[in-house]
Amino acid sequence: MVISITQEDFDVNAMIQSRKAPEVGGLVSFVGIVRDDGITKIELEAFEEAALEELNLIKDEAFEKYPLMSVDIIHRIGMLNVGDNLLLILVAAGHRKEAFDGCEYILERIKETVQIWKKEFTEDGERWVPGEHH
Amino acid sequence: MIITIKAFARFREILGSETAEEVPEGITLAGLLEQIADRNPKIKTALYEDDSTLRRYVILMQNKKRVNKEDVQTIVLSEGDEIAIYPPVAGG
Chain A
1 MVISITQEDF DVNAMIQSRK APEVGGLVSF VGIVRDDGIT KIELEAFEEA
51 ALEELNLIKD EAFEKYPLMS VDIIHRIGML NVGDNLLLIL VAAGHRKEAF
101 DGCEYILERI KETVQIWKKE FTEDGERWVP GEHH
Chain B
1 MIITIKAFAR FREILGSETA EEVPEGITLA GLLEQIADRN PKIKTALYED
51 DSTLRRYVIL MQNKKRVNKE DVQTIVLSEG DEIAIYPPVA GG
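Protein chains in written order, with the numbering used here: chain A, 1 to 134; chain B, 1 to 92.
Derived from the structure by calculation, the hints contain no laboratory data. Among these hints, one or two may not hold up.
[Unchecked claim] Once the Cα atoms are required to be at most 30 Å apart in a straight line, the calculated DSS-like pairs of lysine-lysine come out as: (1) A:K41 with B:K42; (2) B:K64 with A:K119; (3) B:K65 with B:K42; (4) A:K65 with A:K20; (5) B:K44 with B:K69; (6) A:K119 with B:K69; (7) B:K64 with A:K111; (8) B:K44 with B:K65; (9) B:K44 with A:K119; (10) B:K65 with A:K119; (11) B:K65 with A:K65; (12) B:K64 with B:K42; (13) A:K119 with B:K42; (14) A:K111 with A:K65; (15) A:K111 with B:K69; (16) B:K65 with A:K111; (17) A:K20 with A:K97.
[Said to hold, decoys possible] Coverage of chain A stretches by chain B, computed from C-beta distances (three or more under 8 Å per stretch; other residues unrestricted): (18) 42 to 49; (19) 108 to 114; (20) 117 to 123.
Even glycine gets a Cβ: it sits at the ideal position worked out from N, Cα and C.
Only chain A is shown next, with the shape it has when bound in the complex (with noise of 0.2 Å):
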């Protein structure tokens, strides 16, 4: 399984091959990308240590939640352009109900508390992209 959070792009569909196992019944991916929110470029920022710890610690949680058979979370950082992969969450399981419920499980955690910011730049300058949680 793989946690990472990387400036490298990466393969969903090499990576949905790769989990592919004779108990495996369902695969779900969440691909998060770069939306054209009238912006010429976005910078993703991240406290890595932290970070990697937290995506860590949701990973744990949604093996505890849910029975899932892998989870694989990759969180791009660096500069990015509209259309650009930011966000693979990979989980496999035996049915598509804990497939997909540990799926969102694990992208509404990442929006809570995994420590990245994203710096949206437009033709009139930049501004930070407002966390929702406290």
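Model the placement of chain B on the given structure of chain A, informed by the hints.
Same frame as chain A, now just chain B:
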């Protein structure tokens, strides 16, 4: 003694990403924040409301463990502690 301060996002832009801060023995976390705020009005505005309470969106970690705001006045820092300062996260 020396405390390491790490700052992220809008706080990094004001404080720098990592600084070593010389502080007196026995200083509290609140004392450390006041020390850096006293040096720079921009930091003071970023950290504190007009009534000198910490802004709601300031998040603090001591050695990568989240600090409860109500404990800021009582946490006594030790040599080599790492304090992280950051705003609400926006990943995903």
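A quick look at each hint next to the structure:
1. A:K41 with B:K42: holds (27 Å)
2. B:K64 with A:K119: Within the cut-off at roughly 23 Å; holds.
3. B:K65 with B:K42: holds (26 Å)
4. A:K65 with A:K20: Holds, at roughly 22 Å.
5. B:K44 with B:K69: holds (17 Å)
6. A:K119 with B:K69: Given that 30 Å is the threshold and the Cα spacing comes to 26 Å, the pair holds.
7. B:K64 with A:K111: holds (18 Å)
8. B:K44 with B:K65: Holds, at roughly 23 Å.
9. B:K44 with A:K119: holds (22 Å)
10. B:K65 with A:K119: holds (25 Å)
11. B:K65 with A:K65: Status holds; Cα separation ~23 Å.
12. B:K64 with B:K42: With a Cα-Cα distance of about 25 Å, the restraint between K64 of chain B and K42 of chain B holds, given a limit of 30 Å.
13. A:K119 with B:K42: Between K119 of chain A and K42 of chain B the Cα gap is close to 20 Å, so the pair holds against 30 Å.
14. A:K111 with A:K65: OK: K111 of chain A and K65 of chain A at ~18 Å, within 30 Å.
15. A:K111 with B:K69: Holds, because 21 Å separates the two Cα atoms, which is no more than 30 Å.
16. B:K65 with A:K111: holds (18 Å)
17. A:K20 with A:K97: holds (17 Å)
18. 42 to 49: This one holds; 5 residues, not fewer than the three required, reach chain B with a Cβ under 8 Å.
19. 108 to 114: The restraint on the stretch 108 to 114 of chain A holds, since 5 of its residues have a Cβ under 8 Å from chain B and three suffice.
20. 117 to 123: Coverage by chain B holds here, the residue count being 3 at a Cβ distance below 8 Å.
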